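J.: Take a look at the letters that make up each chain.
2 protein chains.
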Amino acid sequence: MAMGETDRLIEVIRGRNAKTVGLQFPVGLRTKAVELAQEIEAKAGVTCLVSADPSFGACDVADMPADLIVHLGHAPMPHLRYRNVFFYDLPGPPLASMAFLDAAETLLPRRVGLLTTTQYRGWLPAIRDYLVTKGHEIRIGEPDRRLAYAGQLLGCDYYTATEIEKDVDGYLYVGTGDFHPLGVAILVPGKPVIIADPERGTARDLVEVRDRVLRQRHAAIARAHDAETFGIIVSKKIGQERMDLARDLKALAEGHGRRANIFMMDLVSPPLLEGYRVDAWVNTACPRIAIEDISQYKQPVLTPQEFEIVLGDRDWNDYVFDEIRA
Amino acid sequence: MAMGETDRLIEVIRGRNAKTVGLQFPVGLRTKAVELAQEIEAKAGVTCLVSADPSFGACDVADMPADLIVHLGHAPMPHLRYRNVFFYDLPGPPLASMAFLDAAETLLPRRVGLLTTTQYRGWLPAIRDYLVTKGHEIRIGEPDRRLAYAGQLLGCDYYTATEIEKDVDGYLYVGTGDFHPLGVAILVPGKPVIIADPERGTARDLVEVRDRVLRQRHAAIARAHDAETFGIIVSKKIGQERMDLARDLKALAEGHGRRANIFMMDLVSPPLLEGYRVDAWVNTACPRIAIEDISQYKQPVLTPQEFEIVLGDRDWNDYVFDEIRA
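So the protein lines, in turn, are chains F and R.
Using the working numbering, the letters of the first sequence correspond one by one to residues 1 to 326.
Using the working numbering, the letters of the second sequence correspond one by one to residues 1 to 326.
Errors might be hidden in some of the hints.
Note that the list lumps identical chains together, so a pair holds whenever it fits in one copy or between two copies.
With a cut-off of at most 16 Å between alpha-carbon atoms, the simulated EDC-like pairs for lysine to aspartate or glutamate come out as follows [stated by the list, open to error]: (1) LYS250 with GLU41; (2) LYS191 with GLU208; (3) LYS191 with ASP169; (4) LYS134 with GLU105; (5) LYS236 with ASP53; (6) LYS191 with GLU165; (7) LYS237 with ASP53; (8) LYS236 with ASP63; (9) LYS32 with GLU274; (10) LYS19 with GLU39; (11) LYS32 with ASP279; (12) LYS43 with GLU11; (13) LYS134 with ASP102; (14) LYS19 with ASP244; (15) LYS237 with ASP63; (16) LYS32 with ASP89; (17) LYS191 with GLU163; (18) LYS43 with ASP7; (19) LYS298 with GLU274; (20) LYS191 with ASP211; (21) LYS250 with ASP313; (22) LYS250 with GLU308; (23) LYS191 with ASP167.
Treat the hints as calculated values from the structure; they're not laboratory data.
If you're wondering where the values come from, they're calculated on a predicted model, not measured in any experiment.
Next comes chain F alone, as it looks inside the complex (with noise of 0.2 Å):
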């Protein structure tokens, strides 16, 4: 980490006495935490305990025994009560060059809808006004509860996109990944979703990922058509946790005559889920879980929506991504 660029934190650290601070990194962030552990250590006089569990989001907080909690690399979810943490947003990279929003231009309609993550949203404006001078007009959907910054877009939250659903033609989502743009193009059809790929310098529409992922989870919910037995999993994360939305799906299973249990865990992930006697899971987690890892689970894991349309308490016409929402 460059010199200068902490001081923010060590004054923050400093302004709560904190004498022990643990510090939460995102996965790609790992490379750095011994560097600035060891830099908050010599400037603010504090013992640092970095959280070595994995950081997914502002919806997994790390409880350690410190005084303050430093979270890396994640925006806060405003509907969430912290305990004494502090989000710290590292600098995001410069916006160093156009031509990945070059190459997404051409595939857009005239009204589109800007999207983004964390790390990206100080381009927003820059990327607004570009779009602009090409003959664009561009949208920039205010945030819900659960989101910290307009355009911000959660693997789980896509009420920025949905919320300017009726005045744009499509979205620029601007990002690496499928997964965050992916709910968009399923939530709101009839509507390209272009990413625009910083890293890569290209762009791509979503269209295929969505039509392959629709027919992965059309066979999810065929295999667990004739499941007896279902696993309801519920995160004990405090942004992911869906207790009672579990228990609502538990009576409703029984009351179509199919037996359901409910299952706590911290880290979701496919060795963890071996050897319970269930046909299929259903997943209140993280919502990213059911779509991405499918292959790594023996058992079909289906979102709630798709528990429902197995009951038939609900059609495949009406088929919805999961979110979890406020």
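Chain F is already provided as a structure; the job is to place chain R on it using the hints.
T.: The following block gives chain R in isolation, referenced to the frame of chain F:
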């Protein structure tokens, strides 16, 4: 689970007026989880939450939003203050044959210390009597505050062995794996440790395993000799957390001009430690981690005592196996 076996458990749940019951199973009992949860829900009128985080022992009790946690398959650690936890001992297998004991008996010295794990503890009186008829003098060590039963061995507590060290010429461990008795073979040099394996019906001397592990430990210490930056692992689990020790080790390292940072985590596993820029790990969590999974970690993983050897504060001739003592 056979009918009737769970009656005592149902009674306890009813007696506590629990509405929500958390169930925690060791990995080997996952196949029973759904069946038991269904039976408890039907008979006790409660909702069960199955903990799907892996459970390795009474050091590691699930934190769940339940009125009562039922922890299966492990004996409690008496010194820990558990909240609302009922330890439910599944009945162990019957002692169907003495063949594995006959195989062991030929390897045993005259005065023998008997050791086992929770699962087989009911067999100890019969085994003692049998070996006495063969001419042996048998001792069964009293437990310390982390152990529930006489003769009980944990992978992190060998008190029932060392307590009777002066009164025996060797040990008989009744059980299936190498790890539990391995610590005894290292902590009590010069006295044979014989495993009588009731599942395989065979017996063996642990001396070769002990020597191989000691060579591995020597190699790990050598690999860490010139390490500049150490990561000191602290567990979040109630019976594994040794933060004070970790802070002492960090100070010790810094006194020797090495860098050290504390890493806190729940489940310790190789992929979770990848990416951090440390040259070696020091593990204060479950001692088994450094010993059994050594080949899966990129960097050497040392026990606290091995770390002292690396720093020059302990001689290899004073090598001791790591234990967690109350």
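J.: Against each hint, give a clear statement of whether it holds in the structure.
T.: Cross-check of the supplied hints:
1. In this homomeric assembly, LYS250 and GLU41 come within 16 Å of each other (Cα to Cα) only across copies, at 12 Å, whereas the closest approach inside a single copy is 48 Å.
2. For the homomeric pair LYS191 and GLU208, the shortest alpha-carbon distance inside one copy (13 Å) is at most 16 Å, but the shortest distance between copies (68 Å) is not.
3. In this homomeric assembly, LYS191 and ASP169 come within 16 Å of each other (Cα to Cα) only inside a single copy, at 6 Å, whereas the closest approach across copies is 80 Å.
4. In this assembly of identical chains, the alpha carbons of LYS134 and GLU105 lie at most 16 Å apart only when taken from the same copy (8 Å versus 88 Å across copies).
5. In this assembly of identical chains, LYS236 and ASP53 lie within 16 Å of each other by CA distance both inside one copy and across copies; the values are 13 Å within and 10 Å between.
6. Taking the closest pair of Cα atoms, LYS191 and GLU165 come within 16 Å of each other only inside a single copy of the chain (9 Å); across copies the shortest separation is 76 Å, beyond that limit.
7. In this assembly of identical chains, LYS237 and ASP53 lie within 16 Å of each other by CA distance both inside one copy and across copies; the values are 12 Å within and 13 Å between.
8. When the C-alpha separation of LYS236 and ASP63 is checked against a cutoff of 16 Å, the pair qualifies both within a copy, at 12 Å, and between copies, at 9 Å.
9. For the homomeric pair LYS32 and GLU274, the shortest alpha-carbon distance between copies (12 Å) is at most 16 Å, but the shortest distance inside one copy (34 Å) is not.
10. In this assembly of identical chains, LYS19 and GLU39 lie within 16 Å of each other by CA distance solely inside one copy; the values are 15 Å within and 49 Å between copies.
11. Taking CA atoms no more than 16 Å apart as the test, LYS32 paired with ASP279 passes between copies only; the shortest distance there is 14 Å, against 42 Å inside one copy.
12. With identical chains, the CA atoms of LYS43 and GLU11 are at most 16 Å apart within one copy only, with a shortest distance of 10 Å there and 58 Å across copies.
13. For the homomeric pair LYS134 and ASP102, the shortest alpha-carbon distance inside one copy (10 Å) is at most 16 Å, but the shortest distance between copies (88 Å) is not.
14. When the C-alpha separation of LYS19 and ASP244 is checked against a cutoff of 16 Å, the pair qualifies only between copies, where the shortest distance is 15 Å, while the shortest distance within a copy is 38 Å.
15. Taking identical chains as interchangeable, the C-alpha atoms of LYS237 and ASP63 lie at most 16 Å apart whether they share a chain (10 Å) or sit on different chains (12 Å).
16. For the identical chains of this complex, LYS32 and ASP89 are intra-copy neighbours only, at 14 Å inside a copy versus 46 Å across copies, given an alpha-carbon limit of 16 Å.
17. Only within a single protomer do LYS191 and GLU163 lie at most 16 Å apart by alpha-carbon distance; the minimum there is 14 Å, versus 74 Å between protomers.
18. In this homomeric assembly, LYS43 and ASP7 come within 16 Å of each other (Cα to Cα) only inside a single copy, at 9 Å, whereas the closest approach across copies is 60 Å.
19. Taking identical chains as interchangeable, the C-alpha atoms of LYS298 and GLU274 lie at most 16 Å apart only when both belong to the same chain, with a minimum of 8 Å there against 26 Å between chains.
20. In this assembly of identical chains, the alpha carbons of LYS191 and ASP211 lie at most 16 Å apart only when taken from the same copy (13 Å versus 67 Å across copies).
21. In this assembly of identical chains, the alpha carbons of LYS250 and ASP313 lie at most 16 Å apart only when taken from the same copy (14 Å versus 58 Å across copies).
22. For the identical chains of this complex, LYS250 and GLU308 are intra-copy neighbours only, at 11 Å inside a copy versus 53 Å across copies, given an alpha-carbon limit of 16 Å.
23. For the identical chains of this complex, LYS191 and ASP167 are intra-copy neighbours only, at 11 Å inside a copy versus 81 Å across copies, given an alpha-carbon limit of 16 Å.
This entry satisfies every hint, going by the numbered hints stated previously.
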